[in-house]
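Protein sequence lines correspond, in order, to chains A and B.
If you read the first sequence in our numbering, its first letter stands for residue 1, the second for the next number, and so on.
If you read the second sequence in our numbering, its first letter stands for residue 1001, the second for the next number, and so on.
These aren't lab readings, by the way, just hints derived from the structure by calculation.
Being a predicted model, the structure only gives us computed values, none of them experimental.
Backbone N, C-alpha and C fix where the C-beta goes; we use that ideal spot for every residue, glycine too.
Among these hints, one or two may not hold up.
Stated by the list, open to error - The calculated label-pair distances, taken between Cβ atoms and stated as ranges, are:
hint : chain 1 : residue 1 : chain 2 : residue 2 : range
1    : A       : 357       : B       : 1432      : 50 to 60 Å
2    : A       : 388       : B       : 1310      : 25 to 35 Å
3    : A       : 436       : B       : 1231      : 53 to 63 Å
Protein chains: 2
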Amino acid sequence: MRLSRYFLPVLKETPAEAQIVSHRYMLRAGMIKQASAGIYSWLPLGFKVLRKIEDIIHEEQARAGHIPMLMPTIQSADLWRESGRYDAYGAEMLRITDRHERDMLFTPTAEELITDIFRSNVSSYKDLPLTLYQIQWKFRDEIRPRFGVMRGREFYMKDGYNFDLTKEDALHAYNRHLVSYLRTYERMGLQAIPMRADSGPIGGDDTHEFLVLAETGESEVFYDSEITDLKFGSREIDFDDKAQCQAVLEEFTSRYARTDETHDEAVFHQVPEERRRTARGIEVGQIFYFGTKYSEAMGASVQTPDGQKVPVHMGSHGIGVSRLLGAIIEASHDDKGIIWPEGVTPFHCGIVNLKQGDAEADAACESLYASLTALGLEPLYDDRSERAGGKFATMDLIGLPWRITVGPRGLKNGVVELTSRRTGESEELSPEAALLKIAQIYGKAA
Amino acid sequence: MRLSRYFLPVLKETPAEAQIVSHRYMLRAGMIKQASAGIYSWLPLGFKVLRKIEDIIHEEQARAGHIPMLMPTIQSADLWRESGRYDAYGAEMLRITDRHERDMLFTPTAEELITDIFRSNVSSYKDLPLTLYQIQWKFRDEIRPRFGVMRGREFYMKDGYNFDLTKEDALHAYNRHLVSYLRTYERMGLQAIPMRADSGPIGGDDTHEFLVLAETGESEVFYDSEITDLKFGSREIDFDDKAQCQAVLEEFTSRYARTDETHDEAVFHQVPEERRRTARGIEVGQIFYFGTKYSEAMGASVQTPDGQKVPVHMGSHGIGVSRLLGAIIEASHDDKGIIWPEGVTPFHCGIVNLKQGDAEADAACESLYASLTALGLEPLYDDRSERAGGKFATMDLIGLPWRITVGPRGLKNGVVELTSRRTGESEELSPEAALLKIAQIYGKAA
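Start from the sequences, fold in the hints, and give me the full structure.
Next comes the structure, spelled out in structure tokens:
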């Protein structure tokens, strides 16, 4: 993309309403604009990151064997009356009356609707196991929305639902989600720690939240420092293998890691003192096993091999997609702006032309732009007639992990400058060598 | 995808509520399920086609230089009061009151919000031309929703907005959209004819609707038969070239083609009688140039090169994404089911194993499945232990364009059967030759 043709309305001033760094930088980098309290438009740069995160989630869900679909945002109140949650949900549910005076709502989650789809179509154990998921807009009418996309009212969420014949199978589905979420977050450059959680209004026996450590986190967290040494890495997992998934669960959840909601000081004190940590965390996902709570209430049963009719065991599993942008920025920034992890960066690298209009500099930039694009990479080329300082400040603010700086002086010596946003370190390289390095970083053959 | 692990709840019976063929087949093929009147869940097969259509639109919008973003579904009534449409819109607008008693609405279209984003961020002609678009859920509270996704209440729509300094530039944006829409629809296997249209509640001087001819269309259409011979084909277009885009507009709109809303019998009679056609059509898109209607009402102005402040010229341009699934099926089906065009098919081909459990047949299917997947294609492998007749009926119903049938008898002679869904013709080929043919059809190197 050429910046001269893009829509990147960066702001010099920080809007007064922004209290935390991710909110400030998302506004300043032209990623979002508030439409009304807790409701945001996703400007092109923000939308691009949102899509990258969405793509990673889809890829990792496919790897785990989960099946994508989509449920509507506006639902009838009837199903929610069946489960008993219509009255229980309170003022956070956005309730709507349509032109025929029917009670509708903007869905905050979809256990009821997915259970209805299941019971209408599945009646035999032969169709199990089954895990369906969606990535869809949700609404919670927060009384005091704040922190930008971190606690908005309209938010984008991945919600998945497993249906299994037995508790054992459902716990395997639970483990499969835990494993797949570990991979998912790591691909986004995040360390998200599974912590034992409270089941809250969904209700559930087993549940873990995934928390990203960050000073601005809403939750206080307590953990054994050994847990931050764990990496999922590139290990191969057979998601059908119950023992393998169970082993990952044990590896990642056997050490003490809890939020303030479930924290138990006595148990925490069994951790050696030098490994005890207290910090703050941002919740970016949660997995639940809740058994037959909804299937019994709503009559979602299947026939077993020996002809019995039993309610299915279910769980629901969520990732806060829009919130993740905030969490990633909270975990990865400096005083100049955002530092995107390579896995979610909106553009793979920036190209800064120090002297737009100089024939040689323009030609070198165009050539790099064409070569990067041909490799399947997306460079952002700052082709505006602006001062170098302004161009650097914009690149730093929007946080592309790599920047290639091209100017007449360097080109005389046959070099451009390649700069890492994270370390700030620069090296002079031939344009070909810079291209090769970027290609290698992103696993492309140059 | 292995069918044994997929969620494809096909129905034997046609639900009583379905009046038209696309609605019947989408329900029977397990693509959608009604959640409430005019509101649907997109089951996995339907969601897959929806994504394919969305991807084509994104690719073609990128080619035209338009920039993707996303606006929220729930908007404040305030902006709509500024434009005067809050009161004008009537009962089709889903009006909502939030917990703080603020007037909100589920957006049916986004001229107001995008104009607000523009005026907050752009003040100079230097930032023009600019075309922003989104693909997002919309809501119109139709009094009598019907025909499935064709006239639903919650629907998925691409809506794009151009901002230009002059009328001439804005008409170029209009032409660019027309060209890009022609390409877009053709890639989906549709012939969508641009017809002069009524501007309706958005208001506009220049506007064309795109109509797909189909017996079940809501509009009566009148056209010169020469128009159906026009193909956009694979021609290369420079979307910055005003003359080139204008020439395409003239080629595709100079012949008589109008809906009943703009039909003029006297003008129609200037078409030679043997070329005059009357038919029915489904609207799948519309482009508008509406000048300064919103920019004046909402104060969206830019500074010109000579320092004047002028309201920008705008247009809005829509594609009915969810409705397109219905339109494609109306245009492409037979009495056995859907016939997907290759560009939007949910799976590239089906593999039917005639004797699941037979070692040789299983191995041949697995090998084809792996080879097709390695080519970047998505086969749907019917690996269930069902009778051949049932497997064929399912494949015909869900409409995959190609089917490979594998059985012990054919394998004895070293062949499988490759069947075209459209023509019903089969040929016997070695598995390698069948693979090669499928690869060629989808432009993959085998």
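Each hint tested on the structure:
Checked against the hint of 50 to 60 Å, the pair residue 357(A) and residue 1432(B) passes, with Cβ atoms roughly 56 Å apart. For the hinted restraint 25 to 35 Å between residue 388(A) and residue 1310(B), the CB-CB distance of approximately 33 Å keeps it satisfied. Distance hint for residue 436(A) and residue 1231(B): a CB-CB separation of about 43 Å, inconsistent with the stated range 53 to 63 Å.
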